[in-house]
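On the provided structure of chain R, position chain F as indicated by the hints.
Here the protein sequences come in this chain order: R and F. In case it helps, my numbering puts the first sequence at residues 0 to 352. In case it helps, my numbering puts the second sequence at residues 0 to 352.
Rather than coming from a laboratory, the hints here were simulated on the basis of the structure. Some hints could be false.
No distinction is drawn between identical chains; accordingly, a pair holds when it is met within one copy or between any pair of copies.
Listed next, the in silico BS3-like pairs over lysine-lysine satisfying Cα-Cα at most 30 Å (straight line) [said to hold, decoys possible]:
1. LYS219 with LYS80
2. LYS121 with LYS236
3. LYS119 with LYS236
4. LYS279 with LYS172
5. LYS121 with LYS80
6. LYS219 with LYS119
7. LYS279 with LYS220
8. LYS13 with LYS80
9. LYS279 with LYS336
10. LYS13 with LYS172
11. LYS220 with LYS175
12. LYS137 with LYS340
13. LYS279 with LYS236
Protein chains: 2
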Amino acid sequence: MTIKAIGYATHDPKKDLVPFTFERRDPRQQDVVIDILYCGVCHSDIHSARNEWGGSSYPLVPGHEIVGRVQSIGEAVSKFKVGDLVGVGCMVDSCRHCASCDEGLEQYCNNGFTGTYGGKDKIGGTAHPFTFGGYSDKITVDERFVLRIPENLDSAATSPLLCAGITTYSPLKHWKVGPGQKVGIIGLGGLGHMGVKFAHAMGATVVMITTSPSKGEDAKKLGANEVLLSTDAAAMKAEQNSFDFLLNTIPVGHDVDPYMLLLKRDATMVIVGSIEPLTKTNGINFIFRRRSMAGSLIGGIPETQEMLDFCGEHNIVCDIETIAIQEINQAYERTIKSDVKYRFVIDMATLKA
Amino acid sequence: MTIKAIGYATHDPKKDLVPFTFERRDPRQQDVVIDILYCGVCHSDIHSARNEWGGSSYPLVPGHEIVGRVQSIGEAVSKFKVGDLVGVGCMVDSCRHCASCDEGLEQYCNNGFTGTYGGKDKIGGTAHPFTFGGYSDKITVDERFVLRIPENLDSAATSPLLCAGITTYSPLKHWKVGPGQKVGIIGLGGLGHMGVKFAHAMGATVVMITTSPSKGEDAKKLGANEVLLSTDAAAMKAEQNSFDFLLNTIPVGHDVDPYMLLLKRDATMVIVGSIEPLTKTNGINFIFRRRSMAGSLIGGIPETQEMLDFCGEHNIVCDIETIAIQEINQAYERTIKSDVKYRFVIDMATLKA
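So here's chain R without its partners, still in its complex pose (with noise of 0.2 Å):
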């Protein structure tokens, strides 16, 4: 038995994604079934729709920033009940015995964590090798993967938490960003948005990075104490060694070296969108006052849980622009053009218009 979901899918790098009947496995004991309510637009999903990366599989339904009610659960589920609000984020399993799951670092998975989409799926029940996301009407997933939405905050606009918010919030804590520190934020998407309201809510004074100067207004209205603006040669050259913590969200490769400059001694920029050659990287930057540069991946499943429960105590969303199911392909275009502020969240009742 499985259960029947409708989504949307792309079959072939090149084509539009298109409406998409497939299966989602029976509930297992502690599998939790959820209606689909809000799916965030990522721009990951848009590079594995068109195979930007390698390695998609076809058909392929993106989507993890999954918000929704749990229709039904397995009789092992203990943390949640049906009618409860949920969400899914960009994992569905993992090793679950290694020393980094051992720690709720499933991102860290030293045998690989199952993304939400795409993902080889090892649990199986389905006919579908692969997992397929939140661009559908249900779900099924394993109770330790699911996470509780607060219920006091817009459900729609919290469904990118589950990937832009636990990418931002996650290094922002791991390096202990709070009162007292100077804290820029390069870049203002998706990701870097989130990064402004977390930083700002840590109690950090924020430091929006950015080339355009609106970008900046905007920043300000998020959160944003001051505004650096990168191509200011001057500018830049002013707040050399003065910050205590750099968020890079730039997605693309870009010359670090002017950011690096920016970091006081011992203090460090962590980049969190661009998985792709940097292009410029000067060894004396890092040497001259013992700077360094880190990634961050996500985050773990408890900490996202953290970072949900911390987005309700202080009222955070996302800022998003709501579609219907089948605007996706033009909105696949406009967050190409970075024409969204910040997000796109597909209404998933749309699919049965």
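For chain F alone, kept in the frame of chain R given last:
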């Protein structure tokens, strides 16, 4: 009044070093005058003599790995007495009032430390606007920048501790290398051979990472437990995700990606040699295991003293080849060809030969 000194200088980036007569300042209250016994030959000396980094001033007397005996002291000197065995490293002054100086991290002085040679001399007292280094018979230095050298060690072989030693000791200590850790030392030269000795003495399992099987064998004699040939793609792949720390002593720009992949989750590679553009650096290697790359510059005066004391306790010195000052120009050529195990040290008695 000044002190007459003799040494070797270069007067032009394209010319050899030749005998040179100049002035040292008379000791102020807090100054120590040192009769130089030995001076190590650092690759930086060559870069500076030949103006390969730009900004060199001529005449230039190189040398910042100085060991000698106290000849006289100013009346306020409290740390040293006449006859003490002492050393001077890369710095002879700093602003002494910034946050870094207050922490004893003069190498990161916010206002710039004064290099032992070629630095703008803020103290003055001679006709020379720039500092002159250790390829000479004597030097006058503020006691804050003078180190105590353990008497139980071979004095000539201690001189490179003042640069090559502290440059490798400082990051190993700062990143808390110790027992139970697998530590890779990348590159076996003046810096790398000290990295092996220190990491071994600190109790780590030491892996020499080199392109050269014969250097690997040499490293084992210095304390390395294993050798990893960076040219062996299969071996490099097998060792991915296994290192707790990497000390990268490669002195030129290079592709850091294969080394970054060797690091475990949350581990750090520290660059101490390459003060130039790194040719390849891919963000994905940082992001997927939250790895870091950092830099580190020599060490502060208190930590340099700690390192020298550690060497005294553990009987650690550099492996050196002693030369007469008249052989300095040939020694430069051999250093450039890595034809030295692992540091030339000038016996300054030969100055008067």
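Hint by hint, here is what the structure shows:
Taking the shortest alpha-carbon separations for LYS219 and LYS80, neither the intra-copy value of 40 Å nor the inter-copy value of 61 Å comes in at or below 30 Å. For a Cα distance limit of 30 Å, the shortest separation of LYS121 from LYS236 across copies, 25 Å, qualifies, whereas the shortest one inside one copy, 51 Å, does not. Within a single copy, LYS119 and LYS236 get their C-alpha atoms only as close as 48 Å, which misses the 30 Å cut-off; across copies the closest is 23 Å, which meets it. For the identical chains of this complex, LYS279 and LYS172 are neighbours both inside a copy (27 Å) and across copies (29 Å), given an alpha-carbon limit of 30 Å.
Within a single copy, LYS121 and LYS80 get their C-alpha atoms as close as 25 Å, which meets the 30 Å cut-off; across copies the closest is 73 Å, which misses it. Within a single copy, LYS219 and LYS119 get their C-alpha atoms no closer than 42 Å, and across copies no closer than 44 Å, so neither meets the 30 Å cut-off. In this assembly of identical chains, LYS279 and LYS220 lie within 30 Å of each other by CA distance neither inside one copy nor across copies; the values are 32 Å within and 38 Å between. Taking identical chains as interchangeable, the C-alpha atoms of LYS13 and LYS80 are never at most 30 Å apart, the minima being 41 Å within one chain and 80 Å between chains.
In this assembly of identical chains, the alpha carbons of LYS279 and LYS336 lie at most 30 Å apart whether taken from the same copy (25 Å) or from different copies (28 Å). In this homomeric assembly, LYS13 and LYS172 never come within 30 Å of each other (Cα to Cα): the closest approach is 39 Å inside a single copy and 53 Å across copies. For the homomeric pair LYS220 and LYS175, the shortest alpha-carbon distance inside one copy (24 Å) is at most 30 Å, but the shortest distance between copies (42 Å) is not. With identical chains, the CA atoms of LYS137 and LYS340 are at most 30 Å apart within one copy only, with a shortest distance of 27 Å there and 67 Å across copies.
When the C-alpha separation of LYS279 and LYS236 is checked against a cutoff of 30 Å, the pair qualifies both within a copy, at 18 Å, and between copies, at 25 Å.
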